[in-house]
Amino acid sequence: MRIYVCVKHVPDTAANIRPLGGPAFDETVKFIINPYDEHALEQALQIRDKVAGSEVVAVTAGRETAAGTLRSALAMGADRGILVKTDAHFTDPLELAQRIGRAIRGEGDGPPSLIFTGKQSVDEEGMQMPYRLAALLDLPVAVDVVAFSMEGEKVTVEREIEGGREVVEMSLPCVIGAAKALNRPRCPTLPDVMKARKKEIRVIEKVELPASVFTPSLEVLEMEPVPDRGRGEILQDSPEKMARELLRRLKEEAKVLK
Amino acid sequence: MPGIGVLIEEKDGKVKKASLGVLSAAAGAGEREVYALLFGGRAEGHCALLQRYGATRIVTIRTPDSKPLSGPEDQARALNLTIDAFRFEALLGVASPAGKDLLARVAAAREAPLVLDCLGIDLSSGIVRKSHFSGKTTATLALKRRPWILGLRPHVYPERPFPREAEILDFPVSFPLSNRLVIREIRPGESAGPDLSEAEIVISGGRALGSAEGFKILKQCAALLGAAVGASRAAVDAGFAPHAMQVGQTGKTVSPKLYIACGISGSVQHFAGMKTSKVIVAVNCDPDAPVFGKCDYGLLGDLFEVVPALTQELVRGGSTRAMD
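Heads up: the protein sequence lines correspond to chains A and B, in order. My numbering applies: residue 5 is where the first sequence begins, and numbers increase by one. My numbering applies: residue 716 is where the second sequence begins, and numbers increase by one.
Here chain A stands alone, though its shape is the one from the complex (with noise of 0.2 Å):
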């Protein structure tokens, strides 16, 4: 079976974002795979170490320097990449989706058996991709997914809700959306980082999709940073004093509290 795997080329969550004007940013700081497709990627690679004759594809968006990425994913094990030419960080979601959706479509070979993605990225955060993929290429889809199992064409997931998990069931070929818990990703090795050289990546240039298929859904148009609030006043006396002094300021100063 082929299973894809998107993968985000993302600043790293330590890193201080510096708005630039419109939708730019300092791409200077390092830039990291997101960190919720590690978890997609290492479920993919269970299953393809299960399943004689899987293959793994790590698909990314971006830039050239998303091949880094890549780079990071084919360490860890998957098998090639495909990297779908992008000429901004910020790309409306679906263009994105309908761009990856059409590299994953014109790999031939039938529909994909699998699609993961994280549940989110962390930079833009638009919850979307998973839902906008299935939606392209017709296939159910789950995200929030923490547990996953596989029984021939069916598929188990559960799924993180509000107050407990949700168990759903679906066939192959679905999209799977990856929280946290699903897993613990591996590190690569040495080793592992000197193979990933030699594995190849398709890259896919960039082509203007005709306005007949696609018109856009959204635009960045600016991006402020949000300051720290400055230091707070700080209690210092006993436990008790403490307590009840918070609990009146609560109340009577910021009025939060009843």
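Hints are computed from structural coordinates only; laboratory data are not their basis. Quick reminder that beta carbons are idealized off the backbone N, C-alpha and C, glycines included. Be aware that one or more of the hints could be misleading.
[What the hints assert, rightly or not] Not everything, but these chain B residues come out facing chain A in the computed CB check (under 8 Å):
{"id": "1", "residue": "Ala744"}
{"id": "2", "residue": "Ala819"}
{"id": "3", "residue": "Ala824"}
{"id": "4", "residue": "Glu826"}
{"id": "5", "residue": "Leu838"}
{"id": "6", "residue": "Ser840"}
{"id": "7", "residue": "Ser849"}
{"id": "8", "residue": "Ile898"}
{"id": "9", "residue": "Thr965"}
{"id": "10", "residue": "Cys1010"}
{"id": "11", "residue": "Leu1015"}
{"id": "12", "residue": "Arg1036"}
[What the hints assert, rightly or not] Capping the alpha-carbon separation at 20 Å, the derived lysine to aspartate or glutamate pairs in EDC-like fashion look like this:
{"id": "13", "chain 1": "B", "residue 1": "Lys859", "chain 2": "A", "residue 2": "Glu129"}
{"id": "14", "chain 1": "B", "residue 1": "Lys993", "chain 2": "A", "residue 2": "Glu204"}
{"id": "15", "chain 1": "B", "residue 1": "Lys993", "chain 2": "A", "residue 2": "Asp232"}
{"id": "16", "chain 1": "B", "residue 1": "Lys731", "chain 2": "A", "residue 2": "Glu166"}
{"id": "17", "chain 1": "A", "residue 1": "Lys89", "chain 2": "A", "residue 2": "Glu204"}
{"id": "18", "chain 1": "A", "residue 1": "Lys245", "chain 2": "B", "residue 2": "Glu928"}
{"id": "19", "chain 1": "B", "residue 1": "Lys993", "chain 2": "A", "residue 2": "Glu59"}
{"id": "20", "chain 1": "B", "residue 1": "Lys859", "chain 2": "A", "residue 2": "Glu223"}
Dock chain B against the given chain A, drawing on the hints supplied.
What follows is chain B alone, placed relative to chain A:
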């Protein structure tokens, strides 16, 4: 008159406060019909409330054979038929776990713009604001086609009375139910408190709690405040709390009225997940902890003494809840 659909969510048979907030946001947007949308046959009991918060039409979406629409694929399809029938300019909901899933399905099916976790919406211009990088930046987005599918972050729009007279409608839908995705079972989690992402008060613990056992002192305090309990990534990675409780850039983003961080040093990633809280309180024994540099109130002391003292004070003072 243009119309806006508002997906109403219920919990334990009651309309969620966050849904009333979305309803008032739609009602405050000017001369528009505001449709409150409910699944099944429960609209009657909620009519007075939905009118009070600005609904001008209350629509019950139902299947003719009264079979419940349980699967998300069917619910999304029914919502899309509703959007078409009433020609909504926008469909609004709460960015709750269920709301996000359903709104994303609706938007994906019709290739409509989708923005989840909105911090601000302008229904006249189609300009919305949302956080990027888990709250490190706020982005302003322009929506380019209709209808707009928008999930609002809970508590960003508080519920405000907007009394109106509403017409009550039934909207029967008919199509073969989907069997591609079947919900087999729902397993309730251990937490009986409010959902983390929707709670009005959150009390979180860091690695300083030392063990899963240590979280008990937070739970006792939370129970008296009607709060949800959260955890830092360090506490989750150490195995003291499940990932479902993690607040931060790779966990949940929360925006409560009151956030109490206990034994949390205050990393950039943790703040990314909670910095839009209205009031932030930090409890820490380290006077140099970064968290004291970006909170509203800091309590310098041992959390194992301060939190139980807070619990005692709450017991003594009687019922305490978040201010409306």
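Evaluated hints:
Proximity of B:Ala744 to chain A is violated relative to the hint, the smallest CB-CB distance being about 19 Å (cut-off 8 Å). For the restraint placing B:Ala819 at the interface with chain A, the shortest Cβ-Cβ distance is roughly 4 Å, inside the 8 Å limit, so the hint holds. With a cut of 8 Å, the hint placing B:Ala824 at the interface with chain A holds, because the nearest CB-to-CB distance is about 5 Å. Because the beta carbon of B:Glu826 sits about 6 Å from the nearest beta carbon in chain A, less than 8 Å, this interface hint is met.
Residue-level restraint check for B:Leu838 is violated (minimum Cβ-Cβ distance to chain A is 15 Å; threshold 8 Å). The restraint placing B:Ser840 at the interface with chain A is violated, with a minimum CB-CB distance near 11 Å, outside the 8 Å limit. A cut of 8 Å between beta carbons decides the hint on B:Ser849: the least distance to chain A is about 6 Å, and the hint holds. At about 6 Å, the closest approach between the beta carbon of B:Ile898 and any beta carbon in chain A falls short of 8 Å, and the interface hint on this residue holds.
Against a cut-off of 8 Å between C-beta atoms, the interface hint on B:Thr965 holds, since the closest Cβ of chain A lies about 5 Å away. Because the closest C-beta pair between B:Cys1010 and chain A is about 4 Å apart, less than 8 Å, the hint holds. Because the closest C-beta pair between B:Leu1015 and chain A is about 4 Å apart, less than 8 Å, the hint holds. With a cut of 8 Å, the hint placing B:Arg1036 at the interface with chain A holds, because the nearest CB-to-CB distance is about 6 Å.
The straight-line distance between the Cα atoms of B:Lys859 and A:Glu129 is roughly 19 Å, inside the 20 Å bound, and the hint therefore holds. Distance check on the hinted pair: B:Lys993 and A:Glu204 sit about 49 Å apart at the alpha-carbon level, beyond 20 Å; violated. With a C-alpha separation of about 12 Å, the suggested pairing of B:Lys993 with A:Asp232 holds against the 20 Å cut-off. Simply put, B:Lys731 and A:Glu166 have alpha-carbon atoms about 13 Å apart, close enough for the 20 Å limit, and the pair holds.
Of the pairs offered as hints, the one joining A:Lys89 and A:Glu204 holds, with about 16 Å between alpha carbons and a cut-off of 20 Å not exceeded. As the CA atoms of A:Lys245 and B:Glu928 are separated by approximately 26 Å, the hinted pair breaks the 20 Å bound. The suggested pairing of B:Lys993 with A:Glu59 is violated, with an alpha-carbon distance near 48 Å, which exceeds 20 Å. For the hint pairing B:Lys859 with A:Glu223, the CA-to-CA distance comes to about 7 Å; that is within 20 Å, so the pair holds.
Going through the hint list in order, the structure does not satisfy hints 1, 5, 6, 14, 18, 19.
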